[in-house]
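2 protein chains.
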Amino acid sequence: MSHMYFQLDVLTNFCHDAFQKFGFSRQESEIITDVLITSDMYGIESHGMQRLSRYHKGIQKGLIHVDAKPEIVFETPVSAVIDGHDGMGQLIGYFAMQTAISKARKAGMAIVSVRNSNHYGIAGYYAKMAANEGLIGFSCTNSEAIMVPTNARKAMLGSNPIAVAMPAEPYMFFFDASTTVVTRGKLEMYRKAEHELPAGWAVDHTGHATGNAELVLENIVSRAGGGILPLGGSEEKSGSHKGYGYGMLCELFSSIFSMGLTSNHTNTPEKGGTCHGFMVIDPACFGDSQAIIDHLSTFLQELREAPKAKGRDRIYTHGEKEALAIERVKVEGVPVDVKTVLEMKDMSTYLGMDFESYFGELDLSGVHEQKNLY
Amino acid sequence: MSHMYFQLDVLTNFCHDAFQKFGFSRQESEIITDVLITSDMYGIESHGMQRLSRYHKGIQKGLIHVDAKPEIVFETPVSAVIDGHDGMGQLIGYFAMQTAISKARKAGMAIVSVRNSNHYGIAGYYAKMAANEGLIGFSCTNSEAIMVPTNARKAMLGSNPIAVAMPAEPYMFFFDASTTVVTRGKLEMYRKAEHELPAGWAVDHTGHATGNAELVLENIVSRAGGGILPLGGSEEKSGSHKGYGYGMLCELFSSIFSMGLTSNHTNTPEKGGTCHGFMVIDPACFGDSQAIIDHLSTFLQELREAPKAKGRDRIYTHGEKEALAIERVKVEGVPVDVKTVLEMKDMSTYLGMDFESYFGELDLSGVHEQKNLY
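Residue numbers (my numbering), protein chains in the order written: chain Z, 105 to 478; chain W, 105 to 478.
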């Protein structure tokens, strides 16, 4: 997998202009871009620039309605159901999390459940919105069915990530993970790199293990069967039913509470239909917010300082790798796979943009080899 | 592992009397017993009668204060912090969940965080309390440090189960799982059975894989290092950081919000200090409760009817195995390991109870071999 490195502001400018070309307002384009760029800044390459082509296709096919505005269709002081009206997932997610934050500021906590949305980028972005304001944020989403439940051979749940963020020093607690062993984006990266999948990641259309990323991804698209395994693999002995259970938890907060489409009914040729869930908790619900945040910071520090396994030199707390990635990106730029760069070029041609005015003549002599896919 | 089978009412009577002998009121003894018996009825053998000896020891050592009453030390309309004052975990958990249910009935949702408690049995019992009343229940707890975080060789988190229950037809959605690959109770069962642990379950004091349950359990007691792995095993590639992350989520709701002891500081020779977290959500927060519950029931049915993997004949939804176990127990009785029966006999001797007046002369010709540990 060959990468090119770009400065943040170059990618940001490109995305701002591209989304405006698609018909979004300047403000909307900034929100969408910030979600994507945050992913790349956090080192979650699978959900940054790599996703542009998916949004491009979604808008082209009419699955993402550029003009749609999210609407609150039911609410109480601690909750809301939002209909996304098939709009852009990032805009719906941003609006929903703002709604949850605003309610939690008054009531102490709030849950917002969303139906009829589309792919919203990294779940963690929205959890972080709350943590940036001193609150505890949760965000989850369902998605195209990709997780094969324990004992099944058909994908019935999405990768269904759950994200949690809470303020802490010196960096926030930030946990964002799919409830599958890995995400679809990771499989796409393996396919691009033409690498064999590690054991325990995926099954074919008969429910048997396979290392063939191309086959699994094609099967998902054609709904032929198979998919990615839950966290915990294929057997109860290794905890398969647990990953499947966390995936269900995601469905509760997203598709079930909102009366939206469960993952197995989303993403047909006519409709995205993705559902999201958001929760915000004010730590002041439990007393002295600062003392609670300090208590977490102390525990995180104890974790980082705990004795290491033989051969391992560092214990990470959740959010630490993201903090490190931001520092790295500031120095090195954002790594973007060359195939993704070509997709971006295609998109700019489609939009009538002058690709080289953003990126100059692409110099392939600067291509780096990515050593570690994970 | 040899088992004897007992009728529910025999075990129930024995426990009612035993806990009253320890000094609990009749009502308190009934609550504690119900938590334990529910575990055995659900087929979660590791958390039923098998745990009696642990409570026995806890009371004997003065870690569990029989006379303690849980106290609300901070509250808002949607939240409470409860100090358990080192009482019996089941009584504190029951009180805390009742507090959460009562608040959620008025406000729509509520979170209760508990400090200074002790082992409270299965997390799912409390989640089910809410679901029994048409609400959505969550329950989690920290515990003696037993989970070795990714890259560590020292246990820093507990088995930290998360349980979720929501009404559904024909049986509720009921998910109750440790965020470790398996629980300590499961290791105790393997030790009793003198079986080798499956790969990916545990590490020794250097952080290396081991199949020796005796060694791991001894290391945990002596705090020599090692322990059980997070869901996802020892490597990020298999999702180790995810199980570790869900364990952290547990700590947030239990030890962090309540300003209690994080798992790594609980269960010293002088103090239990276990912390719990509870959340209740009224589905009416999102509109028509019955429609939302029906929506979940439909999805669960679709999951059960999904195509099976080659060689597998059934896809379970969470709560289905528990519903089946109850039917089985009604016919066969509750299976109790013979070593556990001996522990119960020791306990009754300590309490001055007439063991045979409950169980008669134990007939070892009725011992069954348990075929499958999982």
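There's no promise every hint is true.
Since copy identity is lost for identical chains, a pair holds within one copy or between any two.
[Unchecked claim] Derived SDA-like pairs (lysine to any residue); straight-line CA-CA distance at most 20 Å:
#, residue 1, residue 2
1, K341, K425
2, K296, K414
3, K341, P302
4, K414, N236
5, K412, Q202
6, K210, P181
7, K165, R432
8, K296, L319
9, K341, K434
10, K434, F463
11, K412, M363
12, K341, E298
13, K125, Q405
14, K412, K425
15, K173, S206
16, K412, Y109
17, K210, E179
18, K449, A172
19, K425, A172
In short, the hints are calculated from the structure, not lab data.
Structure-based check of all given hints:
| no. | hint | result |
| --- | --- | --- |
| 1 | K341 to K425 | between (30 Å within a copy, 15 Å between copies) |
| 2 | K296 to K414 | neither (34 Å within a copy, 29 Å between copies) |
| 3 | K341 to P302 | both (19 Å within a copy, 8 Å between copies) |
| 4 | K414 to N236 | neither (36 Å within a copy, 48 Å between copies) |
| 5 | K412 to Q202 | neither (40 Å within a copy, 41 Å between copies) |
| 6 | K210 to P181 | both (8 Å within a copy, 11 Å between copies) |
| 7 | K165 to R432 | neither (37 Å within a copy, 53 Å between copies) |
| 8 | K296 to L319 | within (13 Å within a copy, 44 Å between copies) |
| 9 | K341 to K434 | neither (43 Å within a copy, 26 Å between copies) |
| 10 | K434 to F463 | within (18 Å within a copy, 71 Å between copies) |
| 11 | K412 to M363 | neither (46 Å within a copy, 27 Å between copies) |
| 12 | K341 to E298 | between (31 Å within a copy, 18 Å between copies) |
| 13 | K125 to Q405 | neither (46 Å within a copy, 44 Å between copies) |
| 14 | K412 to K425 | within (17 Å within a copy, 38 Å between copies) |
| 15 | K173 to S206 | within (19 Å within a copy, 37 Å between copies) |
| 16 | K412 to Y109 | neither (33 Å within a copy, 45 Å between copies) |
| 17 | K210 to E179 | both (14 Å within a copy, 15 Å between copies) |
| 18 | K449 to A172 | neither (27 Å within a copy, 69 Å between copies) |
| 19 | K425 to A172 | neither (35 Å within a copy, 43 Å between copies) |
Checked against the numbered hints above, the structure breaks hints 2, 4, 5, 7, 9, 11, 13, 16, 18, 19 and satisfies the rest.
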